[in-house]
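A.B. asks: Given next are the chains, with one letter for each unit.
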Amino acid sequence: MPWLASEIPTVGNGGVSEDLTTITWNITPGIVWSDGSAFTSADVKFTYDYCTHPEGGCAQLTKFEGVSSVDTPDDLTVVVTFEGPTPNPYGPFVGGESPIIQKAQFEGCIGADASTCTEQNFGPIGTGPFVVTEFRTNDVIQMVANENYRDPNKPAFASVTFKGGGDATAAGRSVMETGEFDYAWNLQLAPDVIAGMAEGGLGTPVAGFGPLMERLMLNNTNPDPARGDMRSVKDDPAGGSEHPFLGDPAVYKALSMAIDRPLLVEIGYGQAGNTGCSWVPAPDAYASPIDNCEVQDIAGANAMLDAAGYMDTNGDGVRETPDGVPMSILYQTSTNAVRQDFQALIKQWWSEIGVETELRNIDASVFFGGDAGSPDTFQKFFADVEMYANTFNGTDPQAYLGNGLCNKAPRPDTQWQGENISRFCMAEYDAMHAQLTQTADIAERQRIGRELNAMMVENGGLIPLVHRGRVSAHANSLGGIVLNVWDSELWNVADWYRIDG
Amino acid sequence: MTDTTQEPVHSSNQTGDISRSYWSDVWRQFRSHKGAMAGAIVFFGIIFATLLGPWFYNVDATFIDIRSRNQGPSFDHPFGTDQLGRDILARMMAGGQVSMAVGMTAMLISLILGTLVGVLAGYFKSLDGPLMRLTDLFLALPLLPLLLVIILLFRDPLNAAFGPEGGIFILMVSAIGITSWMQAARIVRGDVLALKEREFVLAARSIGTSRTMMIMRHILPNVLSPIMVSATLGVANAIITESALSFLGLGFPPDFPTWGRLLFDGVDYLQQYPERVIFPGVAISLVVLSVNYMGDGLRDALDPRIRGR
Chain A
7 MPWLASEIPT VGNGGVSEDL TTITWNITPG IVWSDGSAFT SADVKFTYDY CTHPEGGCAQ
67 LTKFEGVSSV DTPDDLTVVV TFEGPTPNPY GPFVGGESPI IQKAQFEGCI GADASTCTEQ
127 NFGPIGTGPF VVTEFRTNDV IQMVANENYR DPNKPAFASV TFKGGGDATA AGRSVMETGE
187 FDYAWNLQLA PDVIAGMAEG GLGTPVAGFG PLMERLMLNN TNPDPARGDM RSVKDDPAGG
247 SEHPFLGDPA VYKALSMAID RPLLVEIGYG QAGNTGCSWV PAPDAYASPI DNCEVQDIAG
307 ANAMLDAAGY MDTNGDGVRE TPDGVPMSIL YQTSTNAVRQ DFQALIKQWW SEIGVETELR
367 NIDASVFFGG DAGSPDTFQK FFADVEMYAN TFNGTDPQAY LGNGLCNKAP RPDTQWQGEN
427 ISRFCMAEYD AMHAQLTQTA DIAERQRIGR ELNAMMVENG GLIPLVHRGR VSAHANSLGG
487 IVLNVWDSEL WNVADWYRID G
Chain S
2 MTDTTQEPVH SSNQTGDISR SYWSDVWRQF RSHKGAMAGA IVFFGIIFAT LLGPWFYNVD
62 ATFIDIRSRN QGPSFDHPFG TDQLGRDILA RMMAGGQVSM AVGMTAMLIS LILGTLVGVL
122 AGYFKSLDGP LMRLTDLFLA LPLLPLLLVI ILLFRDPLNA AFGPEGGIFI LMVSAIGITS
182 WMQAARIVRG DVLALKEREF VLAARSIGTS RTMMIMRHIL PNVLSPIMVS ATLGVANAII
242 TESALSFLGL GFPPDFPTWG RLLFDGVDYL QQYPERVIFP GVAISLVVLS VNYMGDGLRD
302 ALDPRIRGR
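As given, the protein sequences belong to chains A and S, one line each in that order.
Counting from 7, one number per residue, gives the positions in the first sequence under my numbering.
Counting from 2, one number per residue, gives the positions in the second sequence under my numbering.
Only chain A is shown next, with the shape it has when bound in the complex:
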C-alpha cells in the first residue's frame, strides 16, 4: 500500500531494475511535511546519510544492510542502489520501522551529534496523520491532527493521547474495564486475566499471529562476573570467552527437550499463542520446526546429558561438567507476571534434569532500555539465558535473519548495540546469509531462509518457546481497526473513527 510513493515499484512496471540491484521510488507530488514544507527526495537521501553515518547511525541500521547508495535524480525520484541483486528491495524506507526524517529538522544532528538532538527526537516532523505536541519520557505523548495531512478528510480524531510506561494489566483494564483509553497493545497477560477484563464489556481483545516469538536466548559467551570488562564479550584475545557448557549441543538440546511447550502456551497465552518450534515461525514458508518440539522428554534429556559426560559427581543434585563446573544457569527476563510464571516452570523442569537455575527479573524499561551504563540490559546479557520476544516487520526475514551474523554481536566498542544478542557466530551461517542476499528466486530464498533458521536453533543460538500472537484490545466504540501483525499496529490510524452510539 503506497502512501508517499505514487505506485509500488516492481520489475513489471520498471521500478525495479532487471538485475535487481536498483529500485526507483516516485514520490507522489504534493505531499508536505506537517510544518507545511514540501516532502522531497532530498529528505529521503538525508535519512540514509543520517542512518549510515559512520560516527553514529540510527537504531534501524539493519534496514539499510546492502544498500550502496541512495540517489536523487530529481525532487520526486529516489533511486536506491544495492550492492548486489536484492530480490526483496522493500526494506529501506518501507514500513513503520524505517521512517523518513525531515532534512531541515535533523540537519544538525548527523553523526556524533545524533544523541544531542533531544528536541528533534521528541518532536519529529513527519507526514503522518498526527503531530507530536508534547513528549514526556516514560509518560505520555500528546498529538494533534496534522493539518497538512495528505488526505484532507482524515484523520477523524482531533487529538491523540499516547500513554507509555505502566504495565499490561493497567493498559488492558483502562481499555476494557474503565474505558479511559481506546486502544492498548501488547497485552501480555495470562489468558484468564484477559478473559476477566473482557467481561468489563467496554472493549474487545483481538489477536493476530505474526512472526513474534518468545524465546530463550542462550549466551554463547561467558557471563562470569569474574571476567570483568570481558564479561559476555565474544572473542576475548586472552581466551576463555566461551561459555563453560552452553555451547555443547547435548546441553542446549537437553534444555530444550525438558520444556513442555504446550503447557507454557496454556498457562501463559491461551488462544494468543502456539507452541514455538522455529526461530522464524511465520511466514510458514520460512519456518523450520525442530523435531518433537511439542513433546517434553525429561528422561531423554537426562540420558543425553549422561551420555555427554555431565554427571552429578558430588551428590548435590546438580550436574557438573567434565571440568567440574556445576551446571548452574542465571536466567533473566523482564518483569511480567507471565514471564515470571514461565521462569518458575522452566526452573522446575531444568532441576529435573540436574540443572540448577537462578532466576532474575528486571524492570522492562531497564531491560529493554538499551542504556549502555546499566548492567541489566538484554543486549549486555550478563546472564546465561534470557527470555524475551522478538519479531520483524514485513514478510521477508532477510534483515531479521541477519541478527545471527557474527559482526552483529553487542560489545563494548559498539556501546553494546547490536542485534545478535546470543553472540551466535558461525562462518557457514554468515556465508549462507550472504548467499540469501544474492538470491532472487523466491523458492530458493525460502529454502535458504529455512536452513538459516534451522542452523541458528540447531547450533545453540536460542531455544524457541512460544509463537505469540499479538494481543491488543480496542474500545467497542473505536472503528476502523485492522490488526496488522506485519507492521506497526497503528499503520492505519488515519482511518480509525468513532462508532456512533
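In case anyone wonders, no lab produced these hints; they're calculated from the structure.
Treat the hints loosely; a few may be bogus.
Stated by the list, open to error - Output of the computed footprint for chain S on chain A, the stretches with three or more beta carbons under 8 Å from beta carbons of chain S:
#: 1; segment: 194-200
#: 2; segment: 345-351
#: 3; segment: 358-370
#: 4; segment: 378-392
Ideal Cβ positions, reconstructed from N, Cα and C, are used throughout, including at glycine.
Please build the complex by placing chain S on the supplied structure of chain A, with the hints as guidance.
C.D. replies: For chain S alone, kept in the frame of chain A given last:
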C-alpha cells in the same frame, strides 16, 4: 521525649534485686497496656507460625503442581494454590520467615548504627557537628532510588560470594539498615545531650569513671526507652521496604517467596482470586500493626513517670 525534670534510672552496684524489680515493673506496666499485649500475642503468634508451621505442614513452597492450579481453599491446600499450583499456605510461611528475618536483622543494624552515632554525637562535642551533618545527609537521600543503586552495584559481587539468596538477603538487610538509622540517632543524641549534664553523671565523672564505662553504665541504660521504641518501629519499616522492593520486582529472585512478592504476584488476579492478595496483605498489616502497638506499650512501660502511675 526528653524531660529534664525526669528522674533518671540509676544503675546501681547492687544489680541483683533492683534490676529484677525494674524489669518486673516494666513487665507489669506492659501487661496493663491492652493494645501492646494483643500486639505481642499476634506478633509472636505469627513468628511461631512461620517458624514452626513448616514442621507440621510439610509442603515445598516452590514446588509446582501444574494440575492443581488456581484452586480455592481446600483440605489439601488450606489457603488454595496459585496460578502454577504452588501451595499458598506453604508460600505464606516461607515468605513470612524471609520477611520477618529481613525486618529483624535490618532493625538490629539500624539500631546499632543509630545508637552508636547518637551516643557519640551527644557525648563527644567535637563529633557532634560532623555526625549530625552526616545524619542530615542520609535523611536527605531518597530511599528507594538509593536502594536501587545499591542493589545494582553490589548485587553481583555479593551473589558470587554468598549465593543468590544469601547475597540478596545481606544486601537488602544492610541497605535497609543503613538507610533507616537516622531517626534513632537523632533521638538518642538529644537524650544523651540532656543526660550528660545531669548530677549523677557529674558524680560518676568526679570519682574517675572512664568514658567507656560512663557510656555503658550510665548513659545507655537511660536512653534505652527511645531505642526500644525506634527498634519496634524499625521492624515494621523494614518489612514494608522489603515488600516495596519485592513488589517492584527487585530484591529477591522472582520464585523466592516473600510477602511482598506474593502480593505482587497476586495483583493480576485481584478480581478472580482476591485471597491471594488478601493473605499476604493482611499478614504484613498485622505484623506492622502489632509491632507498633508493642512499641507503644514498651515506651509506656519503660518511661518511669508513666510506670509509677
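A.B. asks: Each hint: holds or not?
C.D. replies: Hints and how they fare:
1. Judged by the Cβ-Cβ criterion of 8 Å, the segment 194-200 of chain A is covered by chain S as claimed, because 4 of its residues qualify and three suffice.
2. Three residues within the 8 Å Cβ limit are the bar, and the segment 345-351 of chain A against chain S gives 5, so the coverage statement holds.
3. As drawn, the segment 358-370 of chain A meets chain S at 6 residues by the rule of a beta-carbon pair under 8 Å; at three or more, the given contact holds.
4. Under the rule that three or more residues need a Cβ within less than 8 Å of chain S, the assignment of the segment 378-392 of chain A holds, with 4 such residues.
In this structure, every one of the numbered hints holds.
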